[in-house]
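Engineer: The task is simple: from the sequences and hints, build the whole structure.
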Amino acid sequence: MDKVNVCIVGTGWTGTNHFNGYKAIPEKATVAAVVAHSDASKAKAEAWSVPKIYRSFDEALKDDEIDAFNLCTPHY
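According to my numbering, the stretch in the sequence shown is residues 3 to 78, in order.
Keep in mind that the hints were calculated from the coordinates and are not lab data.
Ideal placement from N, C-alpha and C gives every residue a C-beta, glycine not left out.
Treat the hints with care, as some may be off.
[As the list claims (entries may be wrong)] Derived pair list, reagent style DSS-like, types lysine-lysine, alpha-carbon separation capped at 27 Å:
{"id": "1", "residue 1": "K44", "residue 2": "K5"}
{"id": "2", "residue 1": "K30", "residue 2": "K44"}
{"id": "3", "residue 1": "K46", "residue 2": "K64"}
{"id": "4", "residue 1": "K5", "residue 2": "K54"}
{"id": "5", "residue 1": "K54", "residue 2": "K30"}
{"id": "6", "residue 1": "K64", "residue 2": "K54"}
{"id": "7", "residue 1": "K44", "residue 2": "K64"}
{"id": "8", "residue 1": "K30", "residue 2": "K64"}
{"id": "9", "residue 1": "K5", "residue 2": "K30"}
{"id": "10", "residue 1": "K25", "residue 2": "K44"}
{"id": "11", "residue 1": "K30", "residue 2": "K46"}
[Stated by the list, open to error] Just the calculated beta-carbon pair ranges, DEER-fashion:
{"id": "12", "residue 1": "E67", "residue 2": "N22", "range": "33 to 43 Å"}
{"id": "13", "residue 1": "Y78", "residue 2": "K5", "range": "25 to 35 Å"}
{"id": "14", "residue 1": "D4", "residue 2": "Y78", "range": "29 to 39 Å"}
{"id": "15", "residue 1": "A42", "residue 2": "D4", "range": "11 to 21 Å"}
{"id": "16", "residue 1": "V6", "residue 2": "S51", "range": "12 to 22 Å"}
{"id": "17", "residue 1": "D4", "residue 2": "D41", "range": "13 to 23 Å"}
{"id": "18", "residue 1": "A42", "residue 2": "Y78", "range": "30 to 40 Å"}
{"id": "19", "residue 1": "P76", "residue 2": "D4", "range": "28 to 38 Å"}
{"id": "20", "residue 1": "T18", "residue 2": "R57", "range": "27 to 37 Å"}
{"id": "21", "residue 1": "V6", "residue 2": "E48", "range": "17 to 27 Å"}
{"id": "22", "residue 1": "D65", "residue 2": "G23", "range": "20 to 30 Å"}
{"id": "23", "residue 1": "S40", "residue 2": "D4", "range": "18 to 28 Å"}
{"id": "24", "residue 1": "A26", "residue 2": "D69", "range": "30 to 40 Å"}
Structural biologist: Below you can see the structure in the form of structure tokens.
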């Protein structure tokens, strides 16, 4: 299986747990990008040291290097 470039959408509790899961399998998945809408979520994404941080989902959708989106936003 090839390595998958994942974009996490949401940097709260769920996003953090999913990020830690991807980090545990670096040979299979890379968190290549994060969508961070607020300054607080941008700071968390920067702490994760991901190569790309987007300010909107639409901006991230334009990146052809992303293989999958992991939606970690609230359902309400």
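Engineer: Next step is simple, just say for each hint if it's right about the structure.
Structural biologist: Consistency of the hints with the structure:
{"no.": "1", "hint": "K44 / K5", "result": "25 Å, holds"}
{"no.": "2", "hint": "K30 / K44", "result": "25 Å, holds"}
{"no.": "3", "hint": "K46 / K64", "result": "23 Å, holds"}
{"no.": "4", "hint": "K5 / K54", "result": "17 Å, holds"}
{"no.": "5", "hint": "K54 / K30", "result": "18 Å, holds"}
{"no.": "6", "hint": "K64 / K54", "result": "13 Å, holds"}
{"no.": "7", "hint": "K44 / K64", "result": "19 Å, holds"}
{"no.": "8", "hint": "K30 / K64", "result": "23 Å, holds"}
{"no.": "9", "hint": "K5 / K30", "result": "5 Å, holds"}
{"no.": "10", "hint": "K25 / K44", "result": "18 Å, holds"}
{"no.": "11", "hint": "K30 / K46", "result": "23 Å, holds"}
{"no.": "12", "hint": "E67 / N22: 33 to 43 Å", "result": "22 Å, violated"}
{"no.": "13", "hint": "Y78 / K5: 25 to 35 Å", "result": "34 Å, holds"}
{"no.": "14", "hint": "D4 / Y78: 29 to 39 Å", "result": "35 Å, holds"}
{"no.": "15", "hint": "A42 / D4: 11 to 21 Å", "result": "34 Å, violated"}
{"no.": "16", "hint": "V6 / S51: 12 to 22 Å", "result": "18 Å, holds"}
{"no.": "17", "hint": "D4 / D41: 13 to 23 Å", "result": "35 Å, violated"}
{"no.": "18", "hint": "A42 / Y78: 30 to 40 Å", "result": "19 Å, violated"}
{"no.": "19", "hint": "P76 / D4: 28 to 38 Å", "result": "31 Å, holds"}
{"no.": "20", "hint": "T18 / R57: 27 to 37 Å", "result": "19 Å, violated"}
{"no.": "21", "hint": "V6 / E48: 17 to 27 Å", "result": "22 Å, holds"}
{"no.": "22", "hint": "D65 / G23: 20 to 30 Å", "result": "21 Å, holds"}
{"no.": "23", "hint": "S40 / D4: 18 to 28 Å", "result": "33 Å, violated"}
{"no.": "24", "hint": "A26 / D69: 30 to 40 Å", "result": "18 Å, violated"}
In summary, the structure is inconsistent with hints 12, 15, 17, 18, 20, 23, 24 from the numbered list given earlier, while agreeing with the others.
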